[in-house]
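Given chain R, work out where chain L should sit, using these hints.
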Amino acid sequence: MLNPFLKKYILPALMLLLPASLLRAQTDEDAIMMSKKNLCIGGTYMHSSWDHYWEGTFKRDNKNIGTMSTQMFGLMGTYGITKKLNVIVGAPYVTTHVTAGTLHDQHGIQDLSAWLKWLAVEQNAGNGVLSLYVLGGGSIPLTNYIADYLPLSIGLQSKTLSGRLMVDYQVGKFFATLSGTYTWRSNIKIDRDAYYTTSLHLTNEVEMPDMTAVNFRTGYRSDRWIIEAVLANMTTRGGFDIRKNDMPFPSNRMNATMAGAHFKYNFTFVDGLSLTGGGSYTVAGRNVGQSTNFDAGVFYILDFSSKKKKK
Amino acid sequence: MRIKIFTPSVAALLVMAACNKSVSDRTANLPPLSPADQDVNAGSWKPMLLSRPDTFAVAAPAATNSTGYAADLNELKGYQKGMTDAQLGTIKYWSAGGVLRWNEIMRSLVAKYNLPPYQNSDTSYPIPSSANPFAYPYFPFANPPYAARAYAYVSAAQYDALVACWYYKNLYKRPAPYKTDSSIRVYVTKTDLPSYPSEAAVLAGVTAEMMKLLFPDEIASIQQKLQEQELAAIMSGAATRSDITAGEALGRQVAQLFTARARTDNAGKAVGTQADWNKLKTTAQAKDQLPWLSLETPKRPPMLPLFGRVKCFLFDSATLISLRPGPPPSTGSDSMKNATAEVYAKIKSPTRDQMKLVQYWADGAGTFTPPGHWNAIAAEDFIKKNFSEVRWARNLALLNCAEMDAAVSCWDIKYYYFNPRPSQMNSEIKTLTGIPNFPSYVSGHSMFSGAAATILGHIIPERASAYMQMAQDATNSRFVGGIHYKVDCEVGMTVGKNIGNYAVLRATKDGAE
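Residue numbers (this note's numbering), protein chains in the order written: chain R, 146 to 456; chain L, 7 to 519.
Looking at chain R on its own, in the form it has when it is part of the complex (with noise of 0.2 Å):
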């Protein structure tokens, strides 16, 4: 394998009106993998923020929230089961808070994800080398927390599957990584027994439509160094527009495009330790804080493997 290091890290995706996780470099969203019998555990943070939103297509301001924030703390784990096959697991603790306005903030423990990571083809191609990655996940939530307090909700309650595909073409140490996710999303239950999208509803549960990604990352990948720029989109299949003045929904169309960068530094004075960090900015979405997102994390590689233990 091109790297034999975890590089990234993962955080299960919060939709709310915040795809900040979108554009993070996550073992789940990266061409690399970790070698067999090799454990990353590592710990992240994650500030987004937003004082815009756009309600269905209008985008807006809103004096009653002002400036609505969202951290994360996230703990990780990607697994080499074989050096082309790791299994990422990870869970964040999430808080919410806006500035202005009287709705009262939320925390909380979120969903736990886990991916299978499958390097599923790797062959030289030109004067690189090209790579297919095959991947499924799920997650599911962990505690209780209400998903029908939007924005302020920690997450949406939803159990998830997903299917993805990557591809990666690294030419010397320049590369670029294209990957397609759908994702199904189970239907919720909420506190109330009815409620109106297009239409009233005399149920507590909501139907939730499925979503679809695409994530393109490009840039510069050494063993010291992943300095990449990224590209991300998310789409939501169904769902309906935030009526004007209303609130936010868990069943809403919330779609987003955004722009960041991110990088990992591999430290050299203790094997296996790395930082993290970046930044992303939503340049366009449907019923989505406008948000500005800011991550950072550290890593830590524990070799289980016989060659390890012998030495």
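Selected chain R positions facing chain L (Cβ under 7 Å, derived; list incomplete):
| hint | residue |
| --- | --- |
| 1 | 247 |
| 2 | 336 |
| 3 | 341 |
| 4 | 348 |
| 5 | 352 |
| 6 | 390 |
The calculated BS3-like cross-link candidates involving lysine-lysine, where the alpha carbons are at most 30 Å apart (straight line), are:
| hint | chain 1 | residue 1 | chain 2 | residue 2 |
| --- | --- | --- | --- | --- |
| 7 | R | 334 | L | 436 |
| 8 | R | 334 | L | 390 |
| 9 | L | 52 | L | 317 |
| 10 | L | 27 | R | 304 |
| 11 | R | 334 | R | 304 |
Chain R is nowhere near these chain L residues, computed Cβ spacing over 10 Å in every case:
| hint | residue |
| --- | --- |
| 12 | 79 |
| 13 | 262 |
| 14 | 266 |
Think of the hints as simulated: they come from the structure by calculation, not from any bench.
By construction, the Cβ of each residue, glycine as well, lies at the ideal position given by its N, Cα and C atoms.
What follows is chain L alone, placed relative to chain R:
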């Protein structure tokens, strides 16, 4: 090897993707209404506004051996020849009960129109106008007082119209088409109830006519519902064209009595003027009280401050004043300080159960409001009781007149005292749902719930304590949600129950019990 590991998750994905996620309503698959008692004497029940059941004349129907009637039957049989699944679905939908379905349609319209207008660029707010309902902000803003009144007018008009309908059914005793021609298939429950005039068409006519006033943007969609309901009545074998025509005309005439009252009941003036809004503030200050302030940015004018002057259904204006409770704690007093501290202590670190209670009863912007919630509770219990259409209408009229009068009384009290919300007294108090844009004392949820639980407990006595428990939950939800002081809830519940008792009083005297 690796393929084997991966295959199960791909398979699971495909299986789940194939799952049907569509969600259906609790009342989507009801059987046809089959009343235990058709209330054949309902023509003698006391109407809300009609002075007599025959105030509006309905001509005698053509005899069942006439050529006109034969043509009616031919039309019916023609429809039955080639019915589509969609038509059968429409019949099934309406056969569950016309009063029920129109009530659900009403609730959906209230939810659709219950959104506060977005501000103008100069930070003022536009006011919806019935003269121009199609331009933003759409008319109406179906907030709780508006909704309570709309439910009441529609329910009361439906009740009066069905009393008149039952009167003429009993007078003319024209049998249903399936009784006069055995070749007609029947898609509803067979009964001995005469079919002229058609109760389905009476309901369609009276409701469509009321909606012109209450939801003028929706005239076209309502007219479509009317046609669906009437055609379903014919196709189901329950009514002929002449039953329908007479019924719709009667319904529309009765509605006009109610729309005439609605135009002069003072609701049209409830928004008030800048001078009215200023006066509320100076009056409170003159009483040495901190006046209520809008907690929205930009500051929004108070919601319908003159709604307390609207004409009630169950009692007169002198009674309305007598229902007004004593004042809340003075805004400068220690007891007000303590009441505020009590809210803050409750809301500081809310539990999940606390949030659930607040959300379940929130019924805020974009919902069918608290009176709509009580309509939903009532309707789901009425379904189990198999009431006749006329008794359905009577019971909902009692409920909704109580809810409207509770709204009038509550708004009278709120603007008489003009008391600040907990979050105005202490900006650290954050709420678990949107804070309403009107004064605190007394709680609207508590009044609506106290009134509803009282009249519903009278209608279905075996559920009385369950309704009272729900009312108590609704009341508590406003305190633990940070929206109200405890005293707002306690006093609101008491006044609400008093208003519910006026509906009970009426119920005992209307001839239906």
